[in-house]
Amino acid sequence: GAVVSQHPSRVICKSGTSVKIECRSLDFQATTMFWYRQFPKQSLMLMATSNEGSKATYEQGVEKDKFLINHASLTLSTLTVTSAHPEDSSFYICSARGPGDEKLFFGSGTQLSVL
Amino acid sequence: DAKTTQPPSMDCAEGRAANLPCNHSTISGNEYVYWYRQIHSQGPQYIIHGLKNNETNEMASLIITEDRKSSTLILPHATLRDTAVYYCIVRFFTGGGNKLTFGTGTQLKVEL
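Here the protein sequences line up with chains X and L, keeping their order. For the first sequence, the residue numbers in this note's numbering are 5 to 119. For the second sequence, the residue numbers in this note's numbering are 25 to 136.
Next comes chain X alone, as it looks inside the complex:
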């Protein structure tokens, strides 16, 4: 199946700093990517839909100025957590619609820990 690469897998940062997470579709072009967040022992929660060449669409309650999404090419979307705080510590996962639109493929996730 299609491969989605997410980097880094784990990051620890100080409170107030910004962190960038990359999501790449390795063997297909993805016009749409999705960003999820998952807290311990909870399900995945959709944060935003990233569309190549246009502004991302954020779910209700997600601060667009805090979680900056850029989808500048058909194979790369980035999520930047700005001025991170301990409550932003979470598991962040990206996904991309595969060829033919039938399936979503997921990255391996990024564990963010804000001290």
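Just so you know, not all the hints are guaranteed correct.
[What the hints assert, rightly or not] Here are the simulated distance ranges between beta carbons:
id, chain 1, residue 1, chain 2, residue 2, range
1, L, L136, X, S58, 47 to 55 Å
2, L, T89, X, P12, 30 to 38 Å
3, L, L104, X, K68, 38 to 46 Å
4, L, Q66, X, K70, 24 to 32 Å
If you are wondering where the hints come from, they were derived from the structure by calculation, not from laboratory data. Every residue, glycine too, gets a C-beta built ideally from N, C-alpha and C.
Given chain X's structure and the hints, the job is docking chain L onto it.
Frame of chain X, contents of chain L only:
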């Protein structure tokens, strides 16, 4: 997207079939049933999907009832590596930004 209901947890002996149920009584005619699983601290993995007919692939079988209000994912010979949270999701299959909305899923534990 239609809401799904799954049991929170299930146990299965290794080598036996694991049958994971899902209720989606409000599913509409053009919504597909998808199954994903998430092994601890990893991204979800696609398993199988279907609309009306039963489906089978190298990983699992999907049985959808005739009225489409429920389905069952079958792992024919469960192994320890199948221990994961299994998510049943219904969604439209159309162009555009159709997204997956995850419920709470079923924690499957495969034991010796």
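#### Entry: Cβ distance range 24 to 32 Å for L:Q66 and X:K70, holds or violated
holds, 26 Å
### Query
That 47 to 55 Å hint for L:L136 and X:S58 (C-beta), does it hold up?
holds, 51 Å
### Query
Within 30 to 38 Å or not, the Cβ separation of L:T89 and X:P12?
The hinted range 30 to 38 Å is violated for L:T89 and X:P12, with Cβ atoms some 43 Å apart.
### Message
A range of 38 to 46 Å was offered for this pair. Does it hold for the Cβ distance of L:L104 and X:K68?
### Response
Check passed, 42 Å falls within 38 to 46 Å.
In summary, the one numbered hint that this structure violates is 2.
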